[in-house]
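*Asks:* Each protein sequence line maps, in turn, to chains A and B. The first sequence begins at 48 in our numbering and counts up one residue at a time. The second sequence begins at 58 in our numbering and counts up one residue at a time.
Quick caveat, the hints were computed from the structure, so don't treat them as lab data. Even for Gly, the Cβ is constructed at its ideal location relative to N, Cα and C. Treat the hints with caution; some may be incorrect.
[What the hints assert, rightly or not] Below are the EDC-like pairs computed for lysine to aspartate or glutamate, each with C-alpha atoms no more than 16 angstroms apart in a straight line:
no., chain 1, residue 1, chain 2, residue 2
1, A, Lys375, A, Glu309
2, A, Lys333, A, Glu385
3, B, Lys84, A, Asp275
4, A, Lys581, A, Asp547
5, A, Lys168, B, Asp90
6, A, Lys771, A, Asp608
7, A, Lys69, A, Glu106
8, A, Lys168, B, Asp89
9, A, Lys376, A, Asp467
[Said to hold, decoys possible] Facing chain B, according to a computed beta carbon distance under 7 angstroms, are these residues of chain A, among others:
no., residue
10, Trp146
11, Val163
12, Ile214
13, Phe222
14, Asn226
15, Met228
16, Pro233
17, Tyr253
18, Ala586
[Claimed, not checked] With beta-carbon atoms standing in for the labels, derived distance ranges:
no., chain 1, residue 1, chain 2, residue 2, range
19, B, Tyr62, A, Leu213, 43 to 53 angstroms
20, B, Asn85, A, Lys367, 36 to 46 angstroms
21, B, Pro94, A, Asn727, 25 to 35 angstroms
22, B, Tyr81, A, Thr365, 27 to 37 angstroms
23, B, Met98, A, Lys375, 22 to 32 angstroms
24, A, Phe270, B, Ser82, 18 to 28 angstroms
25, B, Ser82, A, Ser362, 53 to 63 angstroms
26, A, Ser362, B, Tyr81, 37 to 47 angstroms
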Amino acid sequence: MASKKCYHCNDDCKVLIHFDEKDFCCNGCKTVYEIFSSNDLSYYYDLQSGAGSTPNIIEGKFDFLEATEIVEKLTEFNDKNLQIVNLYIPKIHCSSCIWVLENLNKLAPSITNSQVNFPNKTVRISYNPTKTTLKNVVVLLAHIGYEPYISLDDVDNKKKSTDRSLIYKLGVAGFAFGNVMFLSFPEYFDLSSSKSSGGEFWLNQYQTIFRWLMFIFSLPVVFYAGRDYFIAAYQGLRSKLLNIDVPIALGILVLFIRSTLEIIFDWGPGFFDSLTGLVFFLLLGKFFQQKTYSFLSFERDYKSYFPIAVTKILSDNTEKTIQVHDIKKGDRLLIRNEELIPVDAILISGNATIDYSFVTGESEPVIKNSGDKVFAGGKQLNGVIEIDVLKSVSQSYLTQLWSNAVFQEDKSSKFQTLTDSIGKRFTTFVLSIAFIATLFWLFYDPSKALNVFTAVLIIACPCAIALASPFTLGNMLRIYGRKKFYLKDTQTIEQLAQIDTAIFDKTGTITTAKKSTAVYEGITLTDEEELLLKSTLRASNHPLSRSLYNMLAENDIATLDDYEEHLGKGIVGSINNQKIKIGSANYVGNTVAETDKNTSVYISTNDAYKGCYVFKNEYREGISDFFKAMSETIQVAILSGDNEGEKSRLEALLPKLTPLYFNQKPEDKLSFIKSLQDQNKKVLMVGDGLNDAGALAQSNVGIAISENVTIFSPACDAILDATKFKELYNYIIASKKAMKIIKWSFMLSLLYNVVGLYFAITGQLEPVIAAILMPLSSISIVVFTTVSTNILGKKLR
Amino acid sequence: MSVIYMLLAISIVVAIIFFVAFIYSVKNGQYDDSYTPSVRMLFEDELVEKSPKNKEQTYPTK
Numbered sequence: 048m049a050s051k052k053c054y055h056c057n058d059d060c061k062v063l064i065h066f067d068e069k070d071f072c073c074n075g076c077k078t079v080y081e082i083f084s085s086n087d088l089s090y091y092y093d094l095q096s097g098a099g100s101t102p103n104i105i106e107g108k109f110d111f112l113e114a115t116e117i118v119e120k121l122t123e124f125n126d127k128n129l130q131i132v133n134l135y136i137p138k139i140h141c142s143s144c145i146w147v148l149e150n151l152n153k154l155a156p157s158i159t160n161s162q163v164n165f166p167n168k169t170v171r172i173s174y175n176p177t178k179t180t181l182k183n184v185v186v187l188l189a190h191i192g193y194e195p196y197i198s199l200d201d202v203d204n205k206k207k208s209t210d211r212s213l214i215y216k217l218g219v220a221g222f223a224f225g226n227v228m229f230l231s232f233p234e235y236f237d238l239s240s241s242k243s244s245g246g247e248f249w250l251n252q253y254q255t256i257f258r259w260l261m262f263i264f265s266l267p268v269v270f271y272a273g274r275d276y277f278i279a280a281y282q283g284l285r286s287k288l289l290n291i292d293v294p295i296a297l298g299i300l301v302l303f304i305r306s307t308l309e310i311i312f313d314w315g316p317g318f319f320d321s322l323t324g325l326v327f328f329l330l331l332g333k334f335f336q337q338k339t340y341s342f343l344s345f346e347r348d349y350k351s352y353f354p355i356a357v358t359k360i361l362s363d364n365t366e367k368t369i370q371v372h373d374i375k376k377g378d379r380l381l382i383r384n385e386e387l388i389p390v391d392a393i394l395i396s397g398n399a400t401i402d403y404s405f406v407t408g409e410s411e412p413v414i415k416n417s418g419d420k421v422f423a424g425g426k427q428l429n430g431v432i433e434i435d436v437l438k439s440v441s442q443s444y445l446t447q448l449w450s451n452a453v454f455q456e457d458k459s460s461k462f463q464t465l466t467d468s469i470g471k472r473f474t475t476f477v478l479s480i481a482f483i484a485t486l487f488w489l490f491y492d493p494s495k496a497l498n499v500f501t502a503v504l505i506i507a508c509p510c511a512i513a514l515a516s517p518f519t520l521g522n523m524l525r526i527y528g529r530k531k532f533y534l535k536d537t538q539t540i541e542q543l544a545q546i547d548t549a550i551f552d553k554t555g556t557i558t559t560a561k562k563s564t565a566v567y568e569g570i571t572l573t574d575e576e577e578l579l580l581k582s583t584l585r586a587s588n589h590p591l592s593r594s595l596y597n598m599l600a601e602n603d604i605a606t607l608d609d610y611e612e613h614l615g616k617g618i619v620g621s622i623n624n625q626k627i628k629i630g631s632a633n634y635v636g637n638t639v640a641e642t643d644k645n646t647s648v649y650i651s652t653n654d655a656y657k658g659c660y661v662f663k664n665e666y667r668e669g670i671s672d673f674f675k676a677m678s679e680t681i682q683v684a685i686l687s688g689d690n691e692g693e694k695s696r697l698e699a700l701l702p703k704l705t706p707l708y709f710n711q712k713p714e715d716k717l718s719f720i721k722s723l724q725d726q727n728k729k730v731l732m733v734g735d736g737l738n739d740a741g742a743l744a745q746s747n748v749g750i751a752i753s754e755n756v757t758i759f760s761p762a763c764d765a766i767l768d769a770t771k772f773k774e775l776y777n778y779i780i781a782s783k784k785a786m787k788i789i790k791w792s793f794m795l796s797l798l799y800n801v802v803g804l805y806f807a808i809t810g811q812l813e814p815v816i817a818a819i820l821m822p823l824s825s826i827s828i829v830v831f832t833t834v835s836t837n838i839l840g841k842k843l844r
Numbered sequence: 058m059s060v061i062y063m064l065l066a067i068s069i070v071v072a073i074i075f076f077v078a079f080i081y082s083v084k085n086g087q088y089d090d091s092y093t094p095s096v097r098m099l100f101e102d103e104l105v106e107k108s109p110k111n112k113e114q115t116y117p118t119k
């Protein structure tokens, strides 16, 4: 039975449903198959077998899409006869998904067009609002297993148009570069073609037109494509910083002015080929560096997780959908199963089982009784509850964190990259050489002085230096990406290489979020009692019962004679006059005070206390070795929002004297990192929940651990797939090696510069030498960095 | 030899045509998604026709 795979979703079938000669694991999968096959869409399964996902439909979940003001905000285009909406569907994963989503109009003819953007995992749907509604479209998607993910973020931030200016600039520079090279050919092949020494007659005749055409081509390159370098250099100088852009801007400017003067006064052909080539290569480097993971977001705050609207219960007991921002203190809200609680509130009625894993990473749900406080960010798991609002959205315990100034700061502006610090020394070096050489020539042969001055600035233009870093780091970024370590930008690699302190969150970061183990403590249960225990647990829907039931060894199941559930206390079951009570210590009658701080389930049979199951976190594989290796070079500490229940276990796992801090509030974590930074430490924060968001933003590098990279991660610099956690230290080492590669390529490019400077200082810089030297140095740097980073990447797992 | 003016003019006009085509295609978003079209072009109208019915599907909303 275990070998049977579901025809729709390819999961192992626990319950077998046979339909149409195919096996299905649940009714949901079967229904999707029925929808597809009855609408001529069964090609879906031929394209890729078992591609589907089980639909998880919660009634009323999308009711808020009926409100016109919400539809207005979500749609890209809204007209009487046409609405266009762009929906994010995390489940898109294969060509079958693309195919079925682009054939949506077979399921609903009112959908006129749907187009998938696979890398972004979005689908753009156009439909006729007179025949269907946004809600119907979304419900249709949910029914076929492609539930869109709609959050507060979609309403608050209108999508920015994609910035394509770099591609335009690259296009302009490449276009001009090619044409200028082409127009330079006569000059290359006929070097002695001055009118006095003969040369090809017709080339001399048309020299001027060739040269002025090159001039025209170089104009957009200097004033449009190369504009960013001038701006960056100007900004650098204004803040008294000699960054790498200063010599680049100087080089471009000098190249352009000297070349223009040369053709005006007919001194020579100018350096337009080198000029356009330089800008083209520099932009190419920039383009390569700009690898973005469009399906990931590094800027998420709580808004990405919060719903757009909730159901408010009015005083006359009618329900009304209101937007989250309009929630006021004192409102009564209805939270359905699987819905997120958007504000701090008091539980009024219902069976609250709240999953705070978004907030803390803790997977074990918390049970609340009426009158208890519930906090924003929790997800209700068990039926409908009613809550009374205590605070508005922006003032709740969790969301308050985002008012901290750290979220407004731009981290990148504070950091000086290796290229910039080298650029500073380089600029002073080049400028002093230029002035010394000019001074020398002023005494020796004043006619050549200007020539030498400009030649030095041209040849010393740090094209290769400026390329070394983008190509090394850009390639590293791609290598990391293939290993499921997604970085926000290349600067993160540089910062990662400097880390000397690493802080880890406990729950969900070094423990797994999915599994937990339970250990039995107390008097050993007899076989009969175990049978009774398991049969009783089976009847309960409580999450702790479910997980305990799944953990217990296979046992026969007996039918219970009697079963009762006491809310917030426990359950009781009996067979043949054998009674078992399972639940909290008080309920079971445990006279021993609750000493253990871990989640426990207590058991008594026939009113005699037996023992308890203690739930323990399961740590990720290889944690002990990981920390042992890491603590050799990096200071490690654990910062946990939980109580000290796990302290002794952690101490056994971690290297001796690792500092452990418990009961840390989100703000505490933030200020802890800040205090370390005040001691000049470079801090790496590894966390997972929204409660780590402040610490992640404050740290030099914030890495979010995520079980599912497409769905959940707070704002951070990098996202690491949870399965790769133990490789993190190797990734840090690799980043240090990448910085070494950059330094080596700096040496290499300096070598080229020395050769070039020899020609420049001696006053023999011909355009053809510049035209050879510049691309040669750039290309060899690109080859060197790409090859060496690939070798580095091969060693990573 | 004034034919060279002609040749230059033609070569530049051709180059500019391609350049404009490039800018136009970027502006239209052709390079925003470089993966999906590669999959989409392999699809044909592979609908498995079983029965001619093709009705608007209705779903319970409550």
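*Asks:* Confirm or reject each hint.
*Replies:* The hints, checked one at a time:
{"no.": "1", "hint": "A:Lys375 x A:Glu309", "verdict": "violated (73 angstroms)"}
{"no.": "2", "hint": "A:Lys333 x A:Glu385", "verdict": "violated (44 angstroms)"}
{"no.": "3", "hint": "B:Lys84 x A:Asp275", "verdict": "violated (20 angstroms)"}
{"no.": "4", "hint": "A:Lys581 x A:Asp547", "verdict": "violated (50 angstroms)"}
{"no.": "5", "hint": "A:Lys168 x B:Asp90", "verdict": "holds (11 angstroms)"}
{"no.": "6", "hint": "A:Lys771 x A:Asp608", "verdict": "violated (48 angstroms)"}
{"no.": "7", "hint": "A:Lys69 x A:Glu106", "verdict": "violated (28 angstroms)"}
{"no.": "8", "hint": "A:Lys168 x B:Asp89", "verdict": "holds (13 angstroms)"}
{"no.": "9", "hint": "A:Lys376 x A:Asp467", "verdict": "violated (51 angstroms)"}
{"no.": "10", "hint": "Trp146", "verdict": "holds (6 angstroms)"}
{"no.": "11", "hint": "Val163", "verdict": "holds (6 angstroms)"}
{"no.": "12", "hint": "Ile214", "verdict": "holds (5 angstroms)"}
{"no.": "13", "hint": "Phe222", "verdict": "holds (5 angstroms)"}
{"no.": "14", "hint": "Asn226", "verdict": "holds (6 angstroms)"}
{"no.": "15", "hint": "Met228", "verdict": "violated (12 angstroms)"}
{"no.": "16", "hint": "Pro233", "verdict": "violated (10 angstroms)"}
{"no.": "17", "hint": "Tyr253", "verdict": "holds (6 angstroms)"}
{"no.": "18", "hint": "Ala586", "verdict": "violated (29 angstroms)"}
{"no.": "19", "hint": "B:Tyr62 x A:Leu213: 43 to 53 angstroms", "verdict": "violated (35 angstroms)"}
{"no.": "20", "hint": "B:Asn85 x A:Lys367: 36 to 46 angstroms", "verdict": "holds (43 angstroms)"}
{"no.": "21", "hint": "B:Pro94 x A:Asn727: 25 to 35 angstroms", "verdict": "violated (51 angstroms)"}
{"no.": "22", "hint": "B:Tyr81 x A:Thr365: 27 to 37 angstroms", "verdict": "violated (55 angstroms)"}
{"no.": "23", "hint": "B:Met98 x A:Lys375: 22 to 32 angstroms", "verdict": "violated (53 angstroms)"}
{"no.": "24", "hint": "A:Phe270 x B:Ser82: 18 to 28 angstroms", "verdict": "holds (24 angstroms)"}
{"no.": "25", "hint": "B:Ser82 x A:Ser362: 53 to 63 angstroms", "verdict": "holds (59 angstroms)"}
{"no.": "26", "hint": "A:Ser362 x B:Tyr81: 37 to 47 angstroms", "verdict": "violated (59 angstroms)"}
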